[in-house]
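Here is what each chain is made of, one letter per residue.
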Amino acid sequence: MTKMHVKMTVNGEAAEGLAEPRTLLIHFLRETLKIKGPHIGCETTHCGACTVDLNGKSVKSCTVFVGQANGAEITTVEGLVNADGSLGVIQEMFREHHGLQCGFCTPGMITRAHRLLQENPMPTEEEVRFGMAGNLCRCTGYQNIVKAIMAAAETLNAQKEAAE
Amino acid sequence: MNDQTMTPEQRAANLKGMGSSRKRVEDVRFTQGKGNYVDDINLDGMLFGDFVRSPYAHARVTGIDAEEALKVPGVLAVITAKDLEPLGLHWMPTLAGDKQMVLADGKVLFQGQEVAFVVATDRYAAADGVEAVEVDYEELPVVVDPFKALEPDAPVLREDIRDRAEGAHGPVRHNNHIFTWEQGDKAATEAVLAEADIVAEEMVYYHRTHPCPLETCGCVASMDKVTGKLTLWGTFQAPHAVRTVASLISGIAEHNIRVISPDIGGGFGNKVGVYPGYVCSIVASIVTGKPVKWVEDRMENLMATAFARDYWMQGKIAATKDGKITGLWCHTTADHGGFDACADPTKFPAGFMNICTGSYDIPVAYLAVDGVYTNKAPGGVAYRCSFRVTEAAYFIERMIEVLAIKLGMDAAELRRINFIKADQFPYQSALGWEYDSGDYHTAWDKALKAVDYDGLRAEQVQRLEDFRAGKTRKLMGIGLTHFTEIVGAGPVKNCDILGLGMFDSCEIRIHPTGSAIARLGTISQGQGHATTFAQIIASEIGLPADDITLEEGDTDTAPYGLGTYGSRSTPVAGAATAMAARKIRAKAQMIAAYLLEVHDDDVEFDVDRFAVKGAPERFKTMKEIAFAAYNQAIPGIEPGLEAVSYYDPPNMTYPFGAYICVVDIDVDTGETEIRSFYALDDCGTRINPMIIEGQVHGGLTEALAIAMGQEIAYDEMGNVKTGTLMDFFLPTSWETPHYTTDHTTTPSPHHPIGAKGVGESPNVGGVPCFSNAVHDAFRPFGLTQSHMPHDHWRVWKTANRLGLHN
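Protein chains in written order, with our numbering: chain B, 8 to 171; chain Y, 203 to 1008.
These are computed hints drawn from the structure, not numbers from a lab.
Just so it is clear, CB atoms sit at the ideal spot from N, CA and C, and this is done for glycine as well.
Check before you lean on any hint, since a few could be wrong.
A short, non-exhaustive set of chain B residues, derived as facing chain Y with CB atoms under 10 Å [as the list claims (entries may be wrong)]:
1) His12
2) Lys14
3) Gly19
4) Ala21
5) Gly24
6) Glu27
7) Arg29
8) Ala56
9) Lys64
10) Asn77
11) Glu85
12) Ile97
13) Cys109
14) Tyr149
Pairs of lysine to aspartate or glutamate, EDC-like flavour, derived with a Cα cap of 20 Å [what the hints assert, rightly or not]:
15) B/Lys41 to Y/Asp641
16) Y/Lys301 to Y/Asp641
17) Y/Lys923 to B/Glu85
18) B/Lys10 to Y/Asp330
19) B/Lys154 to B/Glu171
20) Y/Lys236 to B/Glu99
21) B/Lys10 to Y/Asp324
22) Y/Lys608 to Y/Asp944
23) Y/Lys225 to B/Glu20
24) Y/Lys676 to Y/Asp698
25) Y/Lys236 to B/Glu27
26) Y/Lys225 to B/Glu27
27) Y/Lys236 to B/Asp91
28) Y/Lys492 to B/Glu38
29) B/Lys154 to Y/Asp324
30) Y/Lys236 to B/Glu20
31) B/Lys41 to Y/Glu636
32) B/Lys154 to Y/Glu397
33) Y/Lys273 to B/Glu38
34) Y/Lys695 to Y/Glu636
35) Y/Lys225 to B/Glu80
36) B/Lys41 to Y/Glu937
37) Y/Lys651 to Y/Glu636
38) Y/Lys236 to B/Glu103
39) B/Lys41 to Y/Asp242
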């Protein structure tokens, strides 16, 4: 099958590669660009393990053709670490509050939480539970994920206030 | 060093040993996407395998034409049973003493069964190849009901073993009959039933479901033809057992097979078994000389890999008119699908279903289980459970409720008067177990008080009045459960899988500077072993947990063990860890005594050091001892500081818990809302409270799923109706309630650190608790039993059947 030339910005860096037009974004990220944070859990948009940020929106990259992401700005969980390589606030709060167990849903969860807190920097618990409902976790029962995201919101808001 | 100024408590806190809610060391990798799961493995020249699967539940395979598939660009091979037959690999042994087709050998027995394996240069080409393989099928009559499967004229499913009189577990009486397993005293139980004041009888069905870990099953097989060594990475909950089985069925010597379980994205029992994908990947790698990756998709995972439950449990429970239980009788029909591929210890073909007397002092009991073949996927694994304990707990906790209805008694009180008393432990159960320890009354009273049980019942009475007066359309249910598990399989004298004894192991090596590495025969799938096992070692030998690396899952480096399932890691490998650490401590004592120039008996262990008895200012820290162990010539003592322990547990452990939940049910929509859930767990000694709490949250959510909507459902044709996450219920953060956790601590008397295991308790106790709550809401309207899952449609139907819509 003829391949197309795809270019995108991933985690702030230019990336490109050849891919069949039918290639799914998740496979392009994982197998061509070797960005393996996003995982494949269902391939039907249900589980959210493959969640990435595409042009400022959370998408399930298992049901996006790579062509649809041509020229896009993409952020994955790898792009959420601090410049010095330390864990970003949301990542740190997931660790602090035991918001993960097997870790398979975690990259999608954290990437979705990142976008949720951009959309709604001060969510209620109910808003977090609703806003995260596109990401399934089989291990934690969500209680500590919700706690981690609420704590991250608080920390991020405090940081923002301190900076202002 | 400030060792002399710190109090023992401060020094202990610095170790982050047992009892500390130490943050998980795994999370630094996982939170930034740096895990290493099987699909993350990419080797040079790696090929991809994909299955052609049967669309039919029962059919003869009359032809497989791969010609067109082989023309697809990138497709290199199409493997069928005919290709595997000369190698003797077209069938493989199951963990239950049965055998299973690797690829369809003349017929298929369930929808989704593996028919051919396409090998291609990438996953897309492999999928194209799968589409292009043409298979001719001749449909056969389908049996999805285990009772119909045992009728005299039922179609013969397993023609390969037609007309046999004896199966792996004794005599069989029908071609579709796998085994009968009997426990307890039948005559005595039936005599009690015949004489009893009250006998409550009920059929309790625990529906078929699936562990559905977020990561599906998969592997990468790589045969190095130069060295003759096969490396197999995979989602294996028992890597060492996989190596042994792979060696036995392939003929490759065990030292030439290296099995590696990398990070595993959840298991819950789904990743215990051996699947055709593993065998086909190995064969494909041997044939092509290249690494071959196979990772199933979600639909394949739900349709073809190991399901759980599917037990029809007919029960009779006898009691005096005051509610004292006098006997329990159970006959179970177990639907195993096309092959018996459950993963139970050999002597227990129905697992530990004989824990079904639960938390109660029942003088006499009888259990019989009949295993049956149907045209459904093979398995019968323990989904977050220790070998059918979930079924047993659901059965007894439903029977208690049914008995309470018959007696007109409060179900909490009925439980209380029948609990095994604290002074009866160790307790010999009527079905053959010796419960190690427990204090059920204390736990129960604490739970009832915590939720204000009397207040809840009063509120429920008021709600019922309001409902009857037309003021509300919502009913309130209170779900009660007191469960007792049996975990930590197990003593080699009665626990083995395929002849492999169920001990486990730990090897600890202290480095000269006082840090360490430990390797275990288990494998974490999210339980946090790297965090908690280091805590055991920290407390036992006095080195900080942060200085201890944990490794599992590589059969070339880790000591042999039977893996992680059945809540056995802490009870068995955790015990091995403590025992290995104690060997190190014993040697450290001799070294310390030499260094301090006193007799061995004149030093004592003090948190992180050995000190001279009566002179605590004279001591050697474990770090100093470690350095001396390697670098100082000590007469009569070998250099080095390491130990290994293979631990054969003397008994199982028996965690227990008291759960209470409150549900509000809208009778017009069938919607259920879990208003509160209180979970008290007693898992003995607590290693890491944070992780225990996380395990409880997760297990309860899996219980919520199972009780309230999750099932593997088939139609009459054997089509899987719940093959995607659209139909197969996994709760989201939106549906999942908030949980309140609590605990009591009753250590196991036979475990070196008193720990019992906790990972599966919430699933074992959670399912009956949710289910009992739904039943309880409808109790005033005459409901005694309605089968799970209690999804909105079924709950609505129950309300309708009870006349609540009139």
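We went through each hint and held it up to the structure:
The beta carbon of B/His12 is not positioned within 10 Å of any beta carbon in chain Y (closest approach about 18 Å), and the interface hint is therefore violated. A cut of 10 Å between beta carbons decides the hint on B/Lys14: the least distance to chain Y is about 21 Å, and the hint is violated. Violation of the interface hint for B/Gly19 is found here, the shortest Cβ-Cβ separation to chain Y being roughly 15 Å, above the 10 Å cut-off. Hint status for B/Ala21: violated, given a least beta-carbon distance of 20 Å to chain Y, over 10 Å.
For B/Gly24, the interface hint is violated, since its Cβ never comes within 10 Å of a Cβ in chain Y; the closest pair sits about 14 Å apart. For the restraint placing B/Glu27 at the interface with chain Y, the shortest Cβ-Cβ distance is roughly 7 Å, inside the 10 Å limit, so the hint holds. Satisfaction of the interface hint for B/Arg29 is found here, the shortest Cβ-Cβ separation to chain Y being roughly 7 Å, below the 10 Å cut-off. Interface hint status for B/Ala56: upheld, as the beta-carbon distance to the closest one in chain Y is roughly 6 Å, under 10 Å.
Evaluation of the B/Lys64 hint against chain Y yields a violated restraint, the C-beta minimum of about 19 Å exceeding 10 Å. Interface hint at B/Asn77: violated, since its Cβ lies 18 Å from the closest Cβ of chain Y, which is beyond the 10 Å cut-off. Given hint, B/Glu85 at the interface with chain Y, holds; its Cβ is 5 Å from that chain's nearest Cβ, closer than 10 Å. About 8 Å separates the beta-carbon of B/Ile97 from the nearest beta-carbon of chain Y, less than 10 Å, and the hint is met.
The restraint placing B/Cys109 at the interface with chain Y holds, with a minimum CB-CB distance near 3 Å, inside the 10 Å limit. Satisfaction of the interface hint for B/Tyr149 is found here, the shortest Cβ-Cβ separation to chain Y being roughly 4 Å, below the 10 Å cut-off. Among the hinted pairs, B/Lys41 with Y/Asp641 is inconsistent with the structure: their alpha-carbon atoms are about 53 Å apart, more than 20 Å. With a C-alpha separation of about 43 Å, the suggested pairing of Y/Lys301 with Y/Asp641 is violated against the 20 Å cut-off.
Only pairs whose Cα atoms come within 20 Å are accepted, and Y/Lys923 paired with B/Glu85 is rejected, the gap being roughly 37 Å. Among the hinted pairs, B/Lys10 with Y/Asp330 is consistent with the structure: their alpha-carbon atoms are about 16 Å apart, no more than 20 Å. Straight-line distance between C-alpha atoms of B/Lys154 and B/Glu171 comes to about 26 Å, which puts the hinted pair past the 20 Å bound. Taken as a hint, the Y/Lys236 and B/Glu99 pair is honoured in the structure, with Cα atoms around 14 Å apart against an allowance of 20 Å.
Between B/Lys10 and Y/Asp324 the alpha-carbon distance is near 14 Å, which keeps this suggested pair within the 20 Å criterion. Among the hinted pairs, Y/Lys608 with Y/Asp944 is inconsistent with the structure: their alpha-carbon atoms are about 32 Å apart, more than 20 Å. The straight-line distance between the Cα atoms of Y/Lys225 and B/Glu20 is roughly 32 Å, outside the 20 Å bound, and the hint therefore fails. A C-alpha spacing of about 50 Å is found between Y/Lys676 and Y/Asp698, which places the hinted pair above 20 Å, so the restraint is violated.
As the CA atoms of Y/Lys236 and B/Glu27 are separated by approximately 27 Å, the hinted pair breaks the 20 Å bound. A hinted pair counts as satisfied when its Cα atoms are at most 20 Å apart, and Y/Lys225 with B/Glu27 does not qualify at roughly 43 Å. Under the criterion of a C-alpha separation no larger than 20 Å, the hint pairing Y/Lys236 with B/Asp91 is consistent with the structure, at around 16 Å. A distance of roughly 18 Å separates the Cα atoms of Y/Lys492 and B/Glu38; the hinted pair therefore holds under the 20 Å criterion.
In summary, the hint linking B/Lys154 to Y/Asp324 is not supported, as the alpha carbons are separated by about 41 Å, beyond the 20 Å threshold. A distance of roughly 18 Å separates the Cα atoms of Y/Lys236 and B/Glu20; the hinted pair therefore holds under the 20 Å criterion. Note on B/Lys41 and Y/Glu636: the hinted pairing is violated, with a Cα-Cα distance of about 53 Å set against a maximum of 20 Å. With a CA separation close to 56 Å, the supplied pair B/Lys154 and Y/Glu397 exceeds the 20 Å bound.
With a C-alpha separation of about 25 Å, the suggested pairing of Y/Lys273 with B/Glu38 is violated against the 20 Å cut-off. Of the supplied pair hints, the one linking Y/Lys695 and Y/Glu636 holds, its CA atoms being roughly 15 Å apart against a limit of 20 Å. With a C-alpha separation of about 34 Å, the suggested pair Y/Lys225 and B/Glu80 falls outside the 20 Å cut-off, and the hint is violated. With a C-alpha separation of about 35 Å, the suggested pairing of B/Lys41 with Y/Glu937 is violated against the 20 Å cut-off.
Annotation: proposed proximity of Y/Lys651 to Y/Glu636 is violated, straight-line Cα distance about 30 Å (limit 20 Å). Between Y/Lys236 and B/Glu103, the direct Cα distance comes to roughly 18 Å. Compliance with the 20 Å bound is thereby established for this hinted pair. The hinted pair formed by B/Lys41 and Y/Asp242 meets the criterion: a straight-line CA distance of about 9 Å does not exceed 20 Å.
When the structure is compared with the earlier hints, violations turn up for hints 1, 2, 3, 4, 5, 9, 10, 15, 16, 17, 19, 22, 23, 24, 25, 26, 29, 31, 32, 33, 35, 36, 37 and for no others.
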